[in-house]
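For chain A, the structure is supplied; the task is to place chain B on it using the hints.
Chains as they are written, first to last, in my numbering: chain A, 1 to 308; chain B, 1 to 362.
It should be emphasised that the hints constitute simulated quantities derived from the structure, not laboratory data. Idealized CB from N, CA, C, for every residue including glycine. Possibly wrong hints are sitting among the right ones.
Stretches of chain A that chain B covers, calculated by requiring three or more beta carbons in the stretch to come under 8 Å of a beta carbon on chain B [to be verified]:
#, segment
1, 202-216
2, 221-235
Just a sample of chain B residues kept apart from chain A, beta carbon distances all over 12 Å, derived [what the hints assert, rightly or not]:
#, residue
3, Ala31
4, Ala249
5, Ile311
6, Val332
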Amino acid sequence: MGRYVVRRLGQLVIVVLGATMVLFACLFVLPGDPVGQIAGSDKARDPAVIEQLHKQYGLDKPLVVQYGTYVGKLVTGDLGTDYTQSRPVTEILGPKLENTAKLAVAAIVIDIVIGISVGVLAAMRRYSIWDVSATFITTLAIGVPSIVLGMIMQRVFVIELDWFPLIAGDSFEGIILPAFTLAIIDAALVAQLARSTMLEVLRADYVKTAVAKGLPRRTVLTRHIMRNSVIPVVTYLGISFGTLLGGAIITETIFNWNGIGLALIQAIQQNNNPIIVGVVTISVAVFVVLNLVVDLLYAALDPRIRLA
Amino acid sequence: MSRTPVTKHDEGDGMTSLEMAPTNAGADGAAPLLEVRDLHVEFAVRDSVTKAVNGVNYSVNAGETLAVLGESGSGKSVTAQAIMGILDSPPGRIAKGEIFFQGQDILRLPENERRKLRGAKMAMIFQDALSSLNPVLSVGFQLGEMFRAHQGMSRKDAKAKAIELMDRVRIPAAAQRVGDYPHQFSGGMRQRIMIAMALALEPDLIIADEPTTALDVTVQAQVMDLLAELQREYNMGLILITHDLGVVADVADKIAVMYAGRIVETAPVHELYKRPAHPYTKGLLESIPRLDHKGQELYAIKGLPPNLQAIPPGCAFNPRCTMAQDVCRTDVPPLVPVTELDGTELPGRHSACHFWKETIHG
Numbered sequence: 001m002g003r004y005v006v007r008r009l010g011q012l013v014i015v016v017l018g019a020t021m022v023l024f025a026c027l028f029v030l031p032g033d034p035v036g037q038i039a040g041s042d043k044a045r046d047p048a049v050i051e052q053l054h055k056q057y058g059l060d061k062p063l064v065v066q067y068g069t070y071v072g073k074l075v076t077g078d079l080g081t082d083y084t085q086s087r088p089v090t091e092i093l094g095p096k097l098e099n100t101a102k103l104a105v106a107a108i109v110i111d112i113v114i115g116i117s118v119g120v121l122a123a124m125r126r127y128s129i130w131d132v133s134a135t136f137i138t139t140l141a142i143g144v145p146s147i148v149l150g151m152i153m154q155r156v157f158v159i160e161l162d163w164f165p166l167i168a169g170d171s172f173e174g175i176i177l178p179a180f181t182l183a184i185i186d187a188a189l190v191a192q193l194a195r196s197t198m199l200e201v202l203r204a205d206y207v208k209t210a211v212a213k214g215l216p217r218r219t220v221l222t223r224h225i226m227r228n229s230v231i232p233v234v235t236y237l238g239i240s241f242g243t244l245l246g247g248a249i250i251t252e253t254i255f256n257w258n259g260i261g262l263a264l265i266q267a268i269q270q271n272n273n274p275i276i277v278g279v280v281t282i283s284v285a286v287f288v289v290l291n292l293v294v295d296l297l298y299a300a301l302d303p304r305i306r307l308a
Numbered sequence: 001m002s003r004t005p006v007t008k009h010d011e012g013d014g015m016t017s018l019e020m021a022p023t024n025a026g027a028d029g030a031a032p033l034l035e036v037r038d039l040h041v042e043f044a045v046r047d048s049v050t051k052a053v054n055g056v057n058y059s060v061n062a063g064e065t066l067a068v069l070g071e072s073g074s075g076k077s078v079t080a081q082a083i084m085g086i087l088d089s090p091p092g093r094i095a096k097g098e099i100f101f102q103g104q105d106i107l108r109l110p111e112n113e114r115r116k117l118r119g120a121k122m123a124m125i126f127q128d129a130l131s132s133l134n135p136v137l138s139v140g141f142q143l144g145e146m147f148r149a150h151q152g153m154s155r156k157d158a159k160a161k162a163i164e165l166m167d168r169v170r171i172p173a174a175a176q177r178v179g180d181y182p183h184q185f186s187g188g189m190r191q192r193i194m195i196a197m198a199l200a201l202e203p204d205l206i207i208a209d210e211p212t213t214a215l216d217v218t219v220q221a222q223v224m225d226l227l228a229e230l231q232r233e234y235n236m237g238l239i240l241i242t243h244d245l246g247v248v249a250d251v252a253d254k255i256a257v258m259y260a261g262r263i264v265e266t267a268p269v270h271e272l273y274k275r276p277a278h279p280y281t282k283g284l285l286e287s288i289p290r291l292d293h294k295g296q297e298l299y300a301i302k303g304l305p306p307n308l309q310a311i312p313p314g315c316a317f318n319p320r321c322t323m324a325q326d327v328c329r330t331d332v333p334p335l336v337p338v339t340e341l342d343g344t345e346l347p348g349r350h351s352a353c354h355f356w357k358e359t360i361h362g
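Isolated chain B, as found in the complex:
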């Protein structure tokens, strides 16, 4: 498996090398920017343990966008928080696994070293900018804090930097608005401030957790475009957590679909849309409303996501799956490489389904 530079919007014609789990970082000296290996996160509340993440593997390279797709409770945000080191702990706990960032296992770092990475080397953009910004501090102060905490910059210089950042994310009249408070901005402008904050120290990795979900559709596109543009400019790795398949198609290079704390499918973005290799992904794609299907009933995946305190044995998706057989109720399907019928490798494609062949080729 060799790595060649990844270009955005590559049609996945076999020239790309979008390796996903399991990865073999370091073999050829081109270790990915971030690599999550067999990550398990659980939340212990009173007598019960909620298994939120159950063996996640994924990797992101510089300049690459990985979209992590899944319903709420699928573990996509928890994985992100584990990477950032901001899990609510207790009750949250990393039970197992490794997270390699720029070649070092950050889970082994002392908290003080870890803190210095946050914001400076890896930054996070949250879903709801209104609640994620401190209501009693001006946006200028909150932006300037990045420089003051990490670079020991003076209050005055930090303010100048804040104005610069606000300009950078195209907030009109930045110099006049730097002293305004979060509630005085519109939703789109607030999310731009969140982006500016994440970008402040030009980190190598940005994790955006549903960055556009709380916004109007028209604003969504603007914010997403801005994020994609800045990512390109700074050549950052981007993990885009979303449940919105529409957002993903435009900006992502590769997709990891999560279900019940596991990755069930990975693929270069357009491959996934064309030929899903997991019944859950198939269900997700079929449940997108389509104009050319007007008048027909909308498709919905039957049932509900599993209770994470009692994940079904075998494949976690089996109670909702139309293809489920006996083996699905007993054996956990491993994440295996997906190939063409003649055995040709499909780079970057994996599926955790006993019947991936039937799903993709059937």
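In isolation and in its complexed conformation, chain A is listed as follows:
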């Protein structure tokens, strides 16, 4: 088990190196000078200033050297310095990552509560009006892009009904709309997954055994049916949480949520490469670590799974 974790964390290093290497190459071939915007508009640009800036950020060196410098700093937990504010990337992204994490936690809670309860109810009342509506609504929810849903929700609940503040800020009300926008597709997918796994488990021989043992209905449901149904759902939720922590560009943009998704889109617009690389590095690392957590959890929930 310990060796397994060490090996998986070793893979993390390779994945982060691979992802950032590709990213560096891409940013290098992109047109436009990363420091151009800092130097002012095209006409007012002073070649000396540009050169000075290139030197300051190490952009005068070959790509390989730049990448080497980046990796060298990364080992010590330094993600470099950003171009627009000349502040350490970690310092800029820290609070933004916290905001994204808040949103991700809120979204995953919605996924769990709505997704699992809708799925379980639909499975237990199969072919009832509840089940049919659940299937219809979840299918619809999966089909609507979050950009559309987010804007509709904002229009209805913020502008027309004025139930929520336009600027989310740090308030509890502020997180509700973006969290729902972010969660709705996954909640629908979780509901469908929970429904289908539960229907499968309901037919399992061991459920019949549990009933034949004379266990109370509730015990059969929670201990024998739910416990087994939840395994694939937990796996899905874990992966989903990893994706959410990587930042939600669309949702954060619509609701002006100051997370790393918003930071990423702004950085792309400004050719602010250190921020782009920083966000990607964090997302990749978080995703790989969460994948590991999911695998460990999976093994803990299902004794038949052996980690190797």
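Chain B alone, transformed into the frame defined by chain A:
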């Protein structure tokens, strides 16, 4: 009809009283442990109705083993599930009939009362122990659940009980293995765990649904012997559902042969082997491979079991029967007592064939 205690492996020399359907329970105060009367079970799926059980009667006494024999789809398992109260419902439905257990019609009991009987008074052993045990719970937990649910025992005491049970069914190193999961045991050991689970609360009736079918032949005998031994020890009634005539001969007292949801023949076990009174039973017995018939082609009953959504009129077996006459295609043969040619009663013997005389004596 009087009842005397039934002894195992009785040769059926006329001293036994192996009454089968129709029974007259209670007349002399010795009601059978379980009595199924005119049971009908159907499954309604969309527009069609599958008639799985069509008027089954049988009874089991304490300490007695009834073997229910039949092909898949003959209704033997569905009858058992109806007794246990674990039919998939919907779509399954008991359309008609009564099930008397220890003198009360359990079909009239509220579900909560019924649940308390399950596991405690009547228990079931399933065919495939691997799929019938919960894969994510330890066997100790699953055994202990019986005591926790029915007796409110603490988790710790239940675990001790589980170890005791595992010892009882001779699982080696029970104390070390109590925390293991079903997939970590061999097939035979898993079936022993199923038996231990059924036995946990010392029920009065055990229904074993093909308990050895999924096992290796060598293990089959061990498991069957264990089951028979425990049954004797606790004086339980045992319903052994099987399609394996070999298993039946060793352990059963009496046999009920089922076809298309009906009982077509009942008999004390050795009587049935010697002189079957129904062409279907005869066909089953003839299709057993025999060493002294080496080189000859194996006998097989022609055709397939009927579609339960469209059971043939008359005798359900008539399309496959070599003796079928016109009457077989129109009239359902009732289950009638079988006698010797001179009219001497053959206790416990019944046949649902218009031509039982020709079959048994011909």
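Hints and how they fare:
1. 202-216: holds (count 12)
2. 221-235: holds (count 5)
3. Ala31: Correct as stated: the minimum Cβ-Cβ distance to chain A is 23 Å, above 12 Å.
4. Ala249: holds, 27 Å
5. Ile311: holds, 26 Å
6. Val332: holds, 32 Å
Every hint from the earlier list agrees with this structure, and none is contradicted.
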